[in-house]
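Here is how the chains run, residue by residue.
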Amino acid sequence: MQNPALLLCDSDALTQLFLANEVRPLRHLKDAYGIQPTIVQEVDLELRWLGKYKDRFVPQLDKALKSSSLCVLDQGRFQALVSSAPAGASWAGFQSLGAQYNGHIGSGEAYTFAAGVTLNLPALSNDFRAIKTLEANLLPLPTPVLRSFDLLVFCQKSGFLDLKTCEQVRADLLKIGEGLPRAFMHSSFWDGMNAFPSRLQEGPLSLHASVANYSTPLLIAKL
Amino acid sequence: MLQTVLESVGLDAKTCAGLLGFNPTVFAEWSVGQRQIPESVLPLLSAVFSVPVSVLRAKPSRTINDEDITPAIWYKFRGPELVSADRECVVLIRQLGHYLNELEAVTRSRSVQWKTLFESIRNETDLQASPREQGRAAARMFREATSLAHGAKGTGELLRGVLRSLGVLVVEAPLKESRIEGCSFYVGTQAAARPCIFANTHHVSWFRRNTVLMHEVGHSIFESALVGASLDFLDREEVAEPLEMRAQAFAQECLVPKTVLVHVAQSHGIKWGSLSARPLARLMADTHVEQRTVVSAAVDAGLVASEAADELKRIDTAKELHELSSHALSTEEYLELIGSENAGDWIGKRTTTLTPRPLRLPVGYVKVVVDAYQNCQISSGKAAEYLMVDETEFTERFGDIYAEVGE
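Which chain is which? The protein sequence lines are A and B, in order. According to our numbering, the residues represented by the first sequence are -11 to 211, in order. According to our numbering, the residues represented by the second sequence are 496 to 902, in order.
One or more of the hints may lead you astray.
Per the computed footprint, the stretches of chain B lying under chain A, defined by three or more beta-carbons under 8 Å from a beta-carbon of chain A, are [what the hints assert, rightly or not]:
{"hint": "1", "segment": "590 to 601"}
{"hint": "2", "segment": "713 to 724"}
{"hint": "3", "segment": "863 to 875"}
Rather than coming from a laboratory, the hints here were simulated on the basis of the structure. Note that this is a predicted model, so its numbers are computed, not measured. In this text, a Cβ means the ideal position worked out from N, Cα and C, and glycines have one as well.
Can you build the whole structure from these sequences, using the hints too?
Shown next as structure tokens:
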């Protein structure tokens, strides 16, 4: 099987990469694995005005969009993926599912997850509470849902990011009170990696769709 | 078309963007048609500005007349007596109405009892009768159909709950720049409309506010849906306009019908012929309404001579009322009375912080949001959106149900 065409990214995961000023993992996924990091329109909107941060991320977002490290899932891009998506996938169906999810969770993650489910693509989101809420309401989730630290760990293990950079990202996020996975809360990046069940790994794809869930590791291969 | 809609509302794109939590540049681009409004945002804009989604989707056109798209409510709120603060508050309240509809859809708790009740009151009221008689008849039906008629006692502590259970959105918040004392209008899109009543709490006592709220309910039953909104101002004198007379009669009869007045007076041995500050304050404390309304109700019930009314309305009851009712205490005094351990549940937890203009949300609304979160029906991020606060602030205020199971 091929690598997924897109990785659908949620605001909170991108926020961490922007806060740490480290968006190279997104570029690496695209260049080395052919996986285009993508945001739905609702995430684009959120990142342009995000709670206490207001418009802080606009320059970084625009730069990432301009360099194609990120792209927006508009209707045209969506249609191009429909042929490889599960039967019945449609823009209207995606919008409808997004609206349904949005009743339970914020719009960024709602439409990100809805796109992932509709197109059978993985997502990137740190919002554990949103995942648990959708689970509690018996609503399907993308398989898998990666976290920003899955990307960092993956990039470190594959040699794309050095340990010092990853340690710095962790330290920067911790300093500003960003939520980290439990394994990294009181441990260095290096120590945390050993206790962190990474959801993104390099290797031949062996995932069986019927048993996969949001935490099933995604195996990807270099182009 | 958004630009035309904003002009009709009397607010600029930057202000609206701030109120609704969007990037001002993006909002400005939407308004002039430089950027397409995402499908997911259209229902909110439609509900807030009271225009159909099709109007928001339409391209700007010179052939469309402003008067063809300006919703009735905004004709009222762009009047000369109103200030930007009024319009901004209405935008926030209409956003709240939209959120409440979403929340009720997810929790399957939608109440539309107001619809049948309001309709039956309108149908059964003799619209040829005098406005005051219409108001009184409507009030009697309203009391009978709800729990307000039980017990011949004051209903100020019940009425908010009763209105909420009917599906009415009740907002009480300070709006110090405004001259509005109370207003009523409908919120939500046409398919999911509900009445909303607002009372300005700035320098308005709880006793007065009870009258204001029921006055606005009176407007809401009879005409708010037709005229867009009903507005009442702080320095309003006794008015002789039929619609105001009807609403005031409705409020008075709802809150202090003769049975309640007589029962309270008998319970405390109050003599109607010799009312002084203390018995008058007792009547206010137990009927839960302000002095003016108590005296008017007593006159209308034939308990007090009409010639004595003006003098009774001028008696200073502040000190006595302060002694007799905890509702006359200041917030600080009330907190001291109930103890800080009992004050922690809601104090400081109802005010929005992400909006440029803080809005104190209704207790019932906050409770619905928090219950939905605690029942795992909505995430903390969604709950924070509904309370217009940051997610971190939400979990600080109400706790994190996933704190122990986080990854």
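Results for each hint:
1. 590 to 601: It holds, with 3 qualifying residues against the three required.
2. 713 to 724: violated (count 0)
3. 863 to 875: As far as the segment 863 to 875 of chain B goes, the hint holds, because 5 residues have Cβ atoms under 8 Å from chain A.
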